[in-house]
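K.L.:
As a plain string of letters, each chain reads:
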Amino acid sequence: MDKKEFLSELEKSLSVLQEDELRDIVSEYEQHIDIKTEKGLTEAEAIADFGSLQELSAEILEAYHVRADYAAETRKGKKRQGKSAGQDGAENFEKLKEIGERGSLTLWGGLRKAGSWVISGFQWGWRQLRRPFAWLGCLAAGHSPWHEKTDEAGTQMMPASAEDVLTPGMASEEYEVPEKARNSMETSMAGAIRKRKEDKRMAGRDMMRNRGRSAREGMRVICRGVSRIFHWGMEAVLWGIRLVWNGCWAVFSFFAGVFGLFSLFGTGLVAVLLIEGYPLAGALIGCMGLVLCMFSAAGLGLTLLWSKNGAEPVSRMGTEERTHNPQYNRRRIHKPGHRPGFEQKESFQESKGAEEHQRKGNEQDA
Amino acid sequence: MNAQFKKGVLELIVLESVQQRDMYGYELVEEVSKVVNVNEGTIYPLLKRLTNEHYFETYLRESTEGPPRKYYHVTAAGILYRDSLEKEWTELSERVWKFLRQNMSGEKD
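Chains A and B supply the protein sequences, listed in that same order.
Under the numbering used here, the final residue of the first sequence carries the number 370; numbering is consecutive throughout.
Under the numbering used here, the final residue of the second sequence carries the number 531; numbering is consecutive throughout.
Please keep in mind that the hints were generated in silico from the structure rather than gathered at the bench.
Some hints could be false.
[Said to hold, decoys possible] Listed next, with one range per pair, are the computed distances between beta-carbon atoms:
1. B:429 / A:104: 55 to 63 Å
2. A:58 / B:505: 32 to 40 Å
3. A:103 / B:474: 34 to 42 Å
4. B:479 / A:58: 41 to 49 Å
[To be verified] In silico DSSO-like pairs for lysine-lysine, Cα to Cα no more than 27 Å straight-line:
5. B:456 / B:492
6. A:40 / B:509
7. A:43 / B:492
8. A:40 / B:428
9. A:7 / B:456
10. A:16 / B:492
11. B:509 / B:428
12. A:8 / A:40
13. A:40 / A:7
14. B:456 / B:428
15. B:492 / B:428
16. B:492 / A:7
17. A:43 / B:456
A virtual CB, placed ideally from N, CA and C, is assigned to each residue, including glycine.
Whole structure, please, built from the sequences with the hints as guidance.
P.N.:
Rendered as structure tokens:
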């Protein structure tokens, strides 16, 4: 080991000390080696007299009340830090990348789950909202279990006993008649009683049926009214949501379009300056990108406009789509029985018929 | 010589040497080496410790043989510390010597 090497090793091992102290110690050892070499010893011999470098540095550090093992740990830490500066950067980047990928996957999965929960929640809520109205509708249509009960009740309310129908005294024995006539009379009486009983029963059933029918009718009207009110309410809510949604997107599209136009103007300005020799190539590319972005954003906003019934806006439909679109046709057809595309033909036929009729009249007159 | 003995007595030898006259590092190493055979490297940490504890003060003096040398000068605190060390050493050596002499006489009896 030569002097330089020894001094650099010593400096490293005492790096925990302050700079001026370190320089002082190193200069002292350097002077010692120089004196020894002047006296005829070699540098290696002079250094060998100091003994082990580790022991020497430990003793020096002890003089400063510094733990020698702490210095060693510090050196190790510094080495580790040096390594981390060079190599740990890539490892950290890989770790961060992995964490990012995991996080994005987890986030995406969570969003999907949350979305499905929200949709199923809305569906459930919609079903619950519709249930009572559907039930009322069924009731109004006469498919309810109440119908049978009412009918049975009606039947029970009918007069059940034959004695109620019989006239008092009619079955008494004071009135004497021949046996044959009596038998036929009894038969006819029994038939008449049965018939009257049947008639009464039928009359009661009809009355109950009429009552049930009128009740059902009333219920149907009520249900229809309630469902209509609910339908109108839902329509109004949807209309409000659609208005807000469309308003937001329209405003967004408008401002994006205006900003796009300004960007286009700026692009032209920068292009002129670039032609004149100014170093504005980067700015020009940026402006062009901005123009594209703004017009794309405006287009996106217009695309997201919510037309009625979720259909595509008619203005953006082709001729074929318009012809087959019931919504468009419904808008155009106002009168029942009106056929689109036949107006000219019909008017032409009408005028043609009138002309013919007039011609025939003229011929007859002649 | 036993390293522990040397370590204990080295401070006293250095203080006594510097009290006689101001010395620079290499000179002091040579002076101490006349008394005890020590590793040359150990003298410098000792000098540094004694300087840090204000028993020594240093100054630079020009040399005809090379760069200026750092000389060590004992302070008043250093002198007091040297006296206390001498007293301790004397007491210890006397006791040890007395003990050894008693044992030796006992063995003879």
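K.L.:
Confirm or reject each hint.
P.N.:
Evaluated hints:
no., hint, verdict
1, B:429 / A:104: 55 to 63 Å, "holds (59 Å)"
2, A:58 / B:505: 32 to 40 Å, "holds (35 Å)"
3, A:103 / B:474: 34 to 42 Å, "violated (50 Å)"
4, B:479 / A:58: 41 to 49 Å, "violated (30 Å)"
5, B:456 / B:492, "holds (21 Å)"
6, A:40 / B:509, "violated (36 Å)"
7, A:43 / B:492, "holds (19 Å)"
8, A:40 / B:428, "holds (24 Å)"
9, A:7 / B:456, "holds (26 Å)"
10, A:16 / B:492, "holds (23 Å)"
11, B:509 / B:428, "holds (17 Å)"
12, A:8 / A:40, "holds (15 Å)"
13, A:40 / A:7, "holds (12 Å)"
14, B:456 / B:428, "holds (13 Å)"
15, B:492 / B:428, "holds (25 Å)"
16, B:492 / A:7, "holds (20 Å)"
17, A:43 / B:456, "holds (18 Å)"
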